[in-house]
Amino acid sequence: MTFPRDFWLGFRAGLPFLLVIIPFGIVFGVVATEAGLNVTQTMGFSILVIAGAAQFVAVQLLVENAPVLIILATSLAVNLRMAMYSASLAPHLGQIAWWERAVVSYFMVDQAYAAAILKYETSPELTPRQKLAYYMGVVTPVCPMWYGATYGGASLGDMIPAGLPIDFAVPITFLALIVPMLRSLAHVVAALVSIVGVLVFAFVPFNLGLLLAALLAMVAGAETERQMTKRAAR
Amino acid sequence: MTLSSAEIWLVIVGLGLGSFLLRFSFLGIIGNRDLPEWLLRHLRYTAVAVMPGMITPMILFPAATGGQFDLVRMGAAIATIAISLWTRNATLTIFGGAGVLLALHFLIAA
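Line by line, the protein sequences are chains L and B. The numbering used here puts the first residue of the first sequence at 134, with every later residue one more than the last. The numbering used here puts the first residue of the second sequence at 16, with every later residue one more than the last.
Keep in mind that the hints are not guaranteed to be accurate.
As the list claims (entries may be wrong) - Pairwise CB distance ranges, derived in the manner of DEER restraints:
(1) B:A21 with L:A230: 35 to 45 Å
(2) L:P257 with B:N104: 15 to 25 Å
(3) L:P257 with B:P51: 32 to 42 Å
(4) B:L75 with L:P338: 13 to 23 Å
(5) B:L54 with L:G296: 39 to 49 Å
(6) B:L100 with L:P200: 42 to 52 Å
(7) B:F121 with L:Q228: 45 to 55 Å
(8) B:D49 with L:V352: 36 to 46 Å
(9) B:S20 with L:M361: 55 to 65 Å
(10) B:L122 with L:Q360: 22 to 32 Å
To be verified - Covered by chain L, according to a simulated footprint, are these stretches of chain B (three or more residues, beta-carbon under 8 Å):
(11) 37-45
(12) 55-63
(13) 76-83
(14) 86-93
(15) 100-109
(16) 112-119
Hints listed in this document are in silico derivations from the structure and should not be mistaken for laboratory results. These numbers were taken from a predicted model, which means no experiment stands behind them. For every residue, glycine included, the Cβ atom is placed at its ideal position computed from N, Cα and C.
Between the sequences and the hints, there should be enough to build the whole structure, so can you do that?
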């Protein structure tokens, strides 16, 4: 039985994310309680929504007294990328039971998706069950610590030294995940289109510029791959 | 904040439910049906299409500095890429990048 081995491989891959999850959960807890939410509401966000960026956006809009519908639309737009992750994971995890797919969906955070897809692409011989084990391994240290750190921030309050650049933990982790993915010219082209696209579409409201840039980048990557295969076949 | 407790819970539950539906969308619907090759080809680039665009503004215009370019964060980003290319190990890269970030912070900002 290989289940435990893949689980622990995932667990080990998930551990370094704690460097991001813990400070970010604490900051969310602090920000949310300072905005006027009680501990239960703050925990409600981290447990029911379980998506850092969207939670920060929602709390910011709550502070600005935005209408409920606007808050929901704007924060959900931030999470639209999750639908792309879902489509990207479907070929790998589509064969597992529906309730297992629901569990995978609940825990679908950026770090889990990126670590899992990197593993699935470098180890295509894994069965869907082994892929599920790896995924659950990654989220096991990450997601409970997100709840715990949020609670810590919400109950302990403002004890972190001001001015520390903890906001930058997120780009550092993502860079560590993205760089190994740039294995082919097509991947590099997609990444470049994504970077240029997000700067060009910076004026588009509700975070939809990122989505436009991402769609263009996917087309650019796929088209580059098609051209390369055509050239190789010639 | 002038919103009532009920309105706040409406936001929390609505956002939770909506986020779950977005996450479950394709995984739930497609299941084990085969996807056409052209679609799979596009999906292969999802991660490199979303994540670089997501972090570019964080590196160039950090919210923590009010959107001002910041040498500490830019230096840490460049160091992180270099460490990743050199070590080819995500764990070492994350710790190395965080180390450079803090070192630059205390050298330059403090």
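Consistency of the hints with the structure:
no. : hint                           : in the structure
1   : B:A21 with L:A230: 35 to 45 Å  : 36 Å, holds
2   : L:P257 with B:N104: 15 to 25 Å : 21 Å, holds
3   : L:P257 with B:P51: 32 to 42 Å  : 19 Å, violated
4   : B:L75 with L:P338: 13 to 23 Å  : 19 Å, holds
5   : B:L54 with L:G296: 39 to 49 Å  : 47 Å, holds
6   : B:L100 with L:P200: 42 to 52 Å : 47 Å, holds
7   : B:F121 with L:Q228: 45 to 55 Å : 50 Å, holds
8   : B:D49 with L:V352: 36 to 46 Å  : 21 Å, violated
9   : B:S20 with L:M361: 55 to 65 Å  : 56 Å, holds
10  : B:L122 with L:Q360: 22 to 32 Å : 46 Å, violated
11  : 37-45                          : holds (count 8)
12  : 55-63                          : holds (count 9)
13  : 76-83                          : holds (count 3)
14  : 86-93                          : holds (count 4)
15  : 100-109                        : holds (count 6)
16  : 112-119                        : holds (count 4)
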